[in-house]
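Hey, can you work out the whole structure from these sequences and the hints?
Listed below, chain by chain, are the residues.
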Amino acid sequence: MCLGIPGQIVAVTDADRMMAMAEVSGVRREVNVAPIAQGPLEGVIGKWALIHVGFAMSEIDEEEAAKTLEALRGLGEAQETLEAMAAGDAALEGTA
Amino acid sequence: MNMMPPKMRDQVVTLAHGGGGKAMRELIESVFTQAFQPDAMEDQARLMDAALQETGARLAFTTDSFVVDPVEFPGGDIGKIAVCGTVNDLAVGGAKPLWLSAAFIIEEGTEIALLRRIVASMVAEAERAGVRIVTGDTKVVGRGMADKVFITTSGVGVIGPDRNLRAENVRNGDVVLVNGKLGDHGAAILAARGDMALSSEVTSDCAGLGHLMESVLQAAPDTRAARDATRGGVASVLNEVAEAAGCSIEIDETQLPLRSEVKGMCEILGLDPLYLANEGTLVLFVPADQAEAALAAMRALPEGREATSIGRVGDAMPGRVTMRTLFGGARIVDMLVGEQLPRIC
Amino acid sequence: MKYADEFRDPIAARAVLDEIAKVVDQIGATAEKPVHIMEICGGHTHAIFRYGLDKLTPEGIEFIHGPGCPVCVLPMSRVDECVELAERPEVIFTTFGDAMRVPGTRKSLMQAKADGADIRMVYSPLDALEIARRNPDREVVFFGLGFETTTPSTALSIQQAAREGLENFTVFCNHITVPPPIKALLDDPHMVLDGFVGPGHVSMVIGVHPYDFIAEDYGKPLVVAGFEPLDLLQSVLMVLEQIRDGRAEIENQYARVVPENGNPVSIAAIKDVYEERPSFEWRGLGEIDASGLRIRPAYAAFDAEAKFGIGYGAGARSVQEPEGCACGAVMTGRIKPVQCEQFGKGCTPEMPLGALMVSSEGACAAYYQYGGARAVEPAE
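Residue numbers (my numbering), protein chains in the order written: chain A, 1 to 96; chain F, 1001 to 1345; chain E, 2001 to 2380.
Derived from the structure by calculation, the hints contain no laboratory data.
Fair warning: there could be bad hints in the mix.
[What the hints assert, rightly or not] From the structure, some residues in chain A lie toward chain E, with a derived Cβ separation under 10 Å:
#: 1; residue: Gln8
#: 2; residue: Ala11
#: 3; residue: Arg17
#: 4; residue: Phe55
#: 5; residue: Glu59
#: 6; residue: Leu69
#: 7; residue: Ala71
#: 8; residue: Glu77
[Unchecked claim] If you want the footprint, here are the derived chain E segments under chain F, 3+ residues with CB under 8 Å:
#: 9; segment: 2044-2053
#: 10; segment: 2067-2073
#: 11; segment: 2359-2370
For clarity, every value in this text was computed on a predicted model and none was experimentally measured.
For every residue, glycine included, the Cβ atom is placed at its ideal position computed from N, Cα and C.
Now the structure itself:
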């Protein structure tokens, strides 16, 4: 349910209608930014938001994203010795 | 080629241009024969080529109809596709494309200037591909009975005696190669159509593959089969070949050459790039020991600069295409059901 | 940071998978005695199959595919009403692509389009608004479907239409909400569930607290999860850790997108435009109290039900599900898609019998498309 994708707001296009241009991997689409707007609309420029059906639904929190990644990396580091062992197996299969 | 076209008073095509009278002759001469320059004004082309004389040479004959909305899009137009598509159908069978026919169904009200642009790009593309458009036809239909212009091209080429490319030849251990990025055409059309209000810099990959095929076959003479991945994308072509050859094909998600914009568009609309249409994407099946040579030959040409290997032929699940995902998981890549629809879920 | 590729790192995934295997062992779960984890959201179901996660996680975990696919739970009678609306000559019927192939009793929207109805696929309700502005002599109806994630978009579009005084734009509201069916499933004595992976994009709107009852009243853990494969794996790990530790909490794995209390602008827009229906029909689950929304009388001018006298409010007609269709049993986890007699025979993506085969989020379609039904050996 509910396909959503991170995009960056790059410009305000129609302040009356709360519309701005969002960019996802080089693809642009005009979106409504009402859910993430606070104060003057220009404030949304540069922000990353979760885009769903043409709306910037939620501002992405960089700090929280970093925390999640850190937790994942923590697991990864504990894993490094195992990875080194797995590298031997990978060499056997990766012949393409 | 740069002669001034005969004067035409009309700005748009009307039913009179399909009526068989003077107006029709004016349209045909001013827009079509002036550009295509057939040898004679006969109702059929008379073909002669030295390649036909060779013992064991076979004629290759193919036909395809082209409808695209919009008729002009970033990277090409319907005329360019109509030439490339048929040239490619010949080339991937190992044929040297020689002659094309072109039949036009034109909607009343279509701008003459648009027709001229389409015809000009057909002439340019035919020249690049080394083929001649030797015969043709036009019909005009009422408004709403067609969408601006539909084109059918048929092509004739010659397959040399030493060539035998076919899907049945593909076998366990072969390598699957593509000539470049996947899905550009589908993404460009999706954006150009405008109903999803997306914009991007992606242009159609629409290109003739004749020279590329020649070059590959020189470098990798035991190439088993080739396909031009169009509608239904690379996934459909792989499924066709897996079924015909009775082999399985395993592709590797990390190796798929995808432009970030194409990925982005797919993520926004919930589409799978493996099913996006292409118009200049060659999928090759070559023996493993000739894969490097085939890749090098492709990379030497602009239409193959980003050539890469995407997978291997195996025998684990005959007739099936599987993909090793980013995580080393595996999933089946099936034929497309109907058309891919944008989704929000 | 691009907030996508970082969460698809295969090396980190292997680490999480190993950790998952460890915790599954600690719990003592096996193929014969698995832990049952429901991913509520169809997007998660899709991701599990798309990335082959079902093949990578230990056999001791059994995923139950929940009811969080709005297309899958759409009763046939709603599709029939859509077709009826779309076939009115004055109407331009606009919809997300998802709804196009859902079978109705007479026909799907796709078939209605082929028969001449003016049906247009759009990416956003904003695009439907634009069509209304450009076609003042036509009635533009937008098919509002989806959960709390999508509800704000139609609410904000209706507010915008009201501000502009558009007289030819209506929404055919079939929005539904996530918590009530979860409660219904938990109340079902046949349901075996050890924990939930919660739909992150719903919580981005409503926050995490609407799920508190799952932990407090039913003693089950729920982790609100993101949609990248690493998000999903980490969330599964968090659910397993709670099970191992005997905890039942509502945790938030997707904090980068999900604020604890959701999005105030979206919540306010939903409250302004919509109100609860006393009950709403779900395909396969039947009537569920307070699980659907309708447009408030203040916005009746933008309500297709009020304007055209069609829909749930106007004498709900329940339609029999097709013979042999076991979507309901699949959706409640009673059987796996492959255990349905029609799976792959009378029901395929080409000719879907039940809704779970229509949407690519549907458990049956995901099984079929990505080979869940057939043996796909891991690549090693």
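The hints, checked one at a time:
1. The beta carbon of Gln8/A is positioned within 10 Å of a beta carbon in chain E (closest approach about 9 Å), and the interface hint is therefore held.
2. Among the interface hints, the one on Ala11/A is violated; its C-beta lies about 17 Å from the nearest C-beta in chain E, farther than the 10 Å criterion.
3. At a threshold of 10 Å, the smallest CB-CB gap from Arg17/A to chain E is about 6 Å, leaving the interface hint in force.
4. With its C-beta approaching chain E no nearer than about 5 Å, Phe55/A sits inside the 10 Å limit, and its interface hint holds.
5. The interface hint given for Glu59/A holds, since its Cβ lies 9 Å from the closest Cβ of chain E, which is under the 10 Å cut-off.
6. About 6 Å separates the beta-carbon of Leu69/A from the nearest beta-carbon of chain E, less than 10 Å, and the hint is met.
7. The criterion of a C-beta within 10 Å of any C-beta in chain E is met by Ala71/A, whose closest approach is roughly 7 Å, and the hint holds.
8. A hinted interface residue such as Glu77/A counts as satisfied when its beta carbon comes closer than 10 Å to some beta carbon of chain E; here the least separation is about 8 Å, so the hint holds.
9. Counting residues of the segment 2044-2053 of chain E whose beta carbon lies closer than 8 Å to any beta carbon of chain F gives 5, which meets the minimum of three for the stated coverage.
10. Under a criterion of three residues with beta carbons nearer than 8 Å to beta carbons of chain F, the stated coverage of the segment 2067-2073 of chain E is upheld, 3 such residues being counted.
11. Counting residues of the segment 2359-2370 of chain E whose beta-carbon sits less than 8 Å from any beta-carbon of chain F gives 6, enough to reach three: the coverage restraint holds.
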